[in-house]
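Engineer: Sequence:
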Amino acid sequence: MSEKRNTRDHERRLLAAKYELRRKLYKALCKDSDLPSDMRDKLRYKVSKLPRKSSLHDISMSFDGHKEIVLVATAKPIEQGLAL
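Here the working numbering is used: the first residue of the sequence shown is 423, the next is one more, and so on.
Rather than coming from a laboratory, the hints here were simulated on the basis of the structure.
Among the hints, a few may not be true.
Unchecked claim - Okay, the calculated beta carbon distance ranges per label pair:
1) 461 - 424: 43 to 51 angstroms
2) 428 - 472: 18 to 26 angstroms
3) 460 - 428: 15 to 23 angstroms
4) 425 - 449: 28 to 36 angstroms
5) 436 - 464: 42 to 50 angstroms
6) 439 - 466: 36 to 44 angstroms
7) 455 - 429: 39 to 47 angstroms
To be verified - Straight-line Cα separation of at most 30 angstroms, DSS-like style, residue types lysine-lysine; simulated pairs:
8) 471 - 449
9) 440 - 453
10) 449 - 468
11) 475 - 449
12) 440 - 468
13) 464 - 426
Note that CB positions come from ideal geometry on N, CA and C, so glycine has one too.
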């Protein structure tokens with residue numbers, strides 16, 4: 423059972439690392455009040471279309487049963503770019 427849980431947690435961490443930069447960019451642009459509202463709405467839509475399990479704050483159960491927040495370092499540098 424714990425091996426399955428470790429595999430699931432590892433997969434979630436990889437997924438979070440994959441989408442971390444994109445999610446941060448979209449959320450930051452959504453909060454920018456200088457952008458037109460229709461553009462911010464499109465960005466909110468893009469955030470909603472990202473996989474739910476790719477959030478940085480996925481909660482996983484540790485081995486002792488206490489909840490912990492999973493934080494993942496950025497996997498890709500910004501220079502690789504993102505399609506808006």
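Engineer: The structure should be examined with respect to each hint, and the outcome stated for every one.
Structural biologist: Outcome of the hint check:
Checked against the given bound of 43 to 51 angstroms, the beta carbons of residue 461 and residue 424, roughly 46 angstroms apart, stay inside it. About 24 angstroms separates the C-beta atoms of residue 428 and residue 472, a value consistent with the hinted range of 18 to 26 angstroms. Between residue 460 and residue 428 the beta carbons are some 44 angstroms apart, a value that contradicts the proposed interval 15 to 23 angstroms. Residue 425 and residue 449 have their C-beta atoms about 34 angstroms apart, which keeps the hinted 28 to 36 angstroms range intact.
Between residue 436 and residue 464 the Cβ separation comes to about 27 angstroms, which falls outside the hinted range of 42 to 50 angstroms. Range check, residue 439 to residue 466: Cβ separation about 23 angstroms, and the 36 to 44 angstroms hint is violated. With their beta carbons about 42 angstroms apart, residue 455 and residue 429 fall inside the hinted range of 39 to 47 angstroms. Distance hint between residue 471 and residue 449 is fulfilled; the C-alpha atoms sit about 13 angstroms from each other, no more than 30 angstroms.
Of the pairs offered as hints, the one joining residue 440 and residue 453 holds, with about 22 angstroms between alpha carbons and a cut-off of 30 angstroms not exceeded. Distance restraint check for residue 449 and residue 468: the Cα-Cα separation of roughly 10 angstroms lies within the 30 angstroms cut-off, and the hinted pair is therefore satisfied. Annotation: proposed proximity of residue 475 to residue 449 holds, straight-line Cα distance about 16 angstroms (limit 30 angstroms). Among the hinted pairs, residue 440 with residue 468 is consistent with the structure: their alpha-carbon atoms are about 15 angstroms apart, no more than 30 angstroms.
Under the criterion of a C-alpha separation no larger than 30 angstroms, the hint pairing residue 464 with residue 426 is inconsistent with the structure, at around 37 angstroms.
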